[in-house]
Amino acid sequence: MALKTETMILNMGPQHPSTHGVLRLELEIEGELIVNVKPHLGYLHRCFEKHAEAMQYNQVVPYTDRMDYLAAMGNNFGYVLAIEKLLGIQVPERVEYIRVIMAELQRIASHCVAIGTNGADIGALTPFLYLFRDREYILSIFEETCGARMLYNYMWIGGLSHDIHPNFVRRTKEFTSYFKNTIVELDNLLSYNKIFVERTANIGILPADTAINYGATGPVLRGSGVKFDLRKDDTYSIYNRFDFDIPVGKGLQGTVGDSWDRYYVRVREMEQSLRIIEQAIDQIPEGDVQSAIPKKIKPPKGTVYTRVENPRGELGYFIISDGNTNPFRVKVRAPSFVNLEILGELCKGHLVADVIAILGSIDIVLGEVDR
Amino acid sequence: MKKAEEIFEILKNEFGDIILSFDKDTPTEPIISIEPLKIHIVSKFLRDNAELQFDSLMCLSGVDDANGKKVKDADGIDIIEGGTLSVYYHLYSTVLRHKITLKVSAPREDAKVESVENIWKCADWHEREAYDMLGIIFLNHPDLRRILMPYDWFEDSFPLRKDFKVPEFYQGMKIPY
Amino acid sequence: MGLLDKEFSDGNIVVANVEDLLNWARLSSVWQLGFGLACCAIEMMATSASHYDFDRFGLIPRNTPRQADAIIISGTVTLKMAIRIKRLYEQIPDPKYIISMGSCANCGGPYWEHGYHVLKGVDRIIPVDVYVPGCPPRPEALLEGLLKLQEKIRNESLRKKS
Ligand code: SF4
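Protein chains in written order, with the working numbering: chain A, 1 to 371; chain B, 372 to 548; chain C, 549 to 710.
One or more of the hints may lead you astray.
[To be verified] Below, a list of computed lysine to any residue pairs in the SDA-like style, where the Cα atoms sit at most 25 Å apart: (1) A:K85 / A:L351; (2) A:K85 / B:F416; (3) B:K395 / A:N326; (4) A:K38 / C:S576.
[Unchecked claim] A few chain B residues that face chain C, going by a derived Cβ cut-off under 8 Å, partial list only: (5) V442; (6) K443; (7) F540; (8) M544.
None of these hints come from the bench; they were simulated from the model. Note that CB positions come from ideal geometry on N, CA and C, so glycine has one too.
Only chain A is shown next, with the shape it has when bound in the complex (with noise of 0.2 Å):
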């Protein structure tokens, strides 16, 4: 007679250190195998689409660095641009370039958590320590020009909230200059590091077909295999004067599309950002940042989608103006909320640690999972 065998229920969250905020997974699982997954969301849920409604559109600007913390300037990024694609007002080339700078440094900063955390889940603490110690390099150099640590509010509708400080253009340059050693650094110490290897290699394979059936974006995408950013293959900004590569993942460890791919596209966007700033930090125009911002904002009815690369994908603003000073709607495509979605698929088959690795490797911010 067979066994009769029941599955067991297993709730990880909301407060649990290692779900990077306050998600909440159902684990089904039978003995140590997972089952199914489900994710319980809204631990975190703002309200950011009625503030948004609420508010007037250069009111907006603080609200959306609020959602990805991680990565506030690549939100406001997002945002401005949609507006003045609305609009139709074009802004200044330092304005373009400095917005430019700004978002490379905030990816590395990003991505310096994302890959700090996903190494100190699976155990490996040191990396974690070292990546936030050049992480305090970047919010420095923001907070000498914008004042702030982590949400800066510094892109506005048609410019900048100040100019760069006198000091930016140099540390700039001593930290991309400085920051090399640390992904050689980060390669000896966790690429390539054999239990860290162990742990993510195979783990969470997600075939491209999938990835883009379920619209996942960023380095969850490349990571399968597939060659697309936005930066390049839907140019906004002035992205298409640099010369940089997409990393994307080849399955060097073990599979492509694995968790280790994930994490190692990530380290190698960082050296492309680097690229990036490199060349454009000697360009930077001389001009005014402000002369665009308009005094009234009334867009003119319409509708629009903007979409931006930000550090975890895409991130698309999609905003309904009546004519009006407020915002009528504006729906955030957040990445994280869309890439989440994969980790049921992913997690099927494997054993209850490797979620935190999978997790970890999908990196969510919740405050944009949730808004």
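Let chain A serve as the given structure and place chains B and C with the ligand on it in line with the hints.
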């Protein structure tokens, strides 16, 4: 790569009356309006047709159009009666690199739209969110529950509707400031 | 406070007040419940990482409420989360301390007006010892908050408050 006009022509030839209108006067993106109960058929065609190949759904957004009458209900609270709720679909083809925006509108009191979850998987949570925030029912969705708000949030209270009133208390906690 | 200043110079006996001794022990190892809520949690992480180093004040994150002494409420408390926070708070053994970090936890922060799903201040559900303002507070501010909490513990008394 196809222009929006061409895509509209293809759809019109294939489906005829299901395709309601083509709005190309908007400043940034043309919009094709479709019958809400036929959207899944059109979507499947859009995904599988060799000329179109819309393999990725970028965004799905529910919108309260607020185009009904503003009236007072029995307690003297302003509500909106009539009008429509809409859903916008932003599609993209990673192969052919073209985009298109679709729109469906359903009456506010009985907003029912066919689900496209089995065509693009990522529609799943987007549709749950649209249901949660606006009360749009997606027919044939496998798991239509609230997603961001608590599961035991007040029935018929949809935060992003324009006539939403913040409740006073939830589980003994005061909500307004 | 002079417990450690009185070195073991003459013999190995230290004379101290029970109250002082208990308070000293308590304040120098405030173990916090390691959990973050929102943007402020990232600043809390930065505070405990290499640059600011929370550990030197004896504050170590513990992952279960049963081993913790304090919670740092780092971020926006939503209605859905509030119930869980209350439960976590109840699971911490006495004495327990709460630091409310950031405007959101203090009073709703930027979400005070239209936040239909935001609890306007964590003090509506659990008692708070120290409020740290800022959006997000700088790590230095959080350290100051911790010092204030230590100050408070130092002045505690074993006698029942009447
Ligand atoms: S106080 Fe500011 S930084 Fe802190 S959680 Fe609230 S919005 Fe985020």
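Exercise for the section: Hold the hint about V442 (chain B) up to the distance rule: shortest CB distance to chain C must be less than 8 Å. Expected result: Violated, about 23 Å.
Problem - Satisfaction of hint between N326 (chain A) and K395 (chain B), Cα-Cα up to 25 Å - result: holds (24 Å)
Handout entry: Straight-line alpha-carbon gap K38 (chain A) to S576 (chain C), limit 25 Å
Key = violated (41 Å)
Exercise for the section: Classify the hint on M544 (chain B) as holds or violated, based on whether any CB of chain C lies nearer than 8 Å to its CB. Expected result: Hint holds; M544 (chain B) Cβ to chain C Cβ min 6 Å, cut 8 Å.
Practice task
Starting from K85 (chain A), check that the Cα of L351 (chain A) is at most 25 Å away, please.
Solution key: Since the Cα atoms of K85 (chain A) and L351 (chain A) sit roughly 47 Å apart, the hinted pair is violated (cutoff 25 Å).
Problem - Restraint outcome when F540 (chain B) is required to lie within 8 Å of chain C by C-beta distance - result: Violated. Min distance 10 Å.
Handout entry: Restraint check, 8 Å cut-off on beta carbons, for K443 (chain B) near chain C
Key = violated (22 Å)
Problem - Restraint status (C-alpha distance of K85 (chain A) to F416 (chain B) at most 25 Å) - result: The given pair, whose Cα atoms are some 31 Å apart, is violated under the 25 Å limit.
The earlier numbered hints that this structure contradicts are 1, 2, 4, 5, 6, 7.
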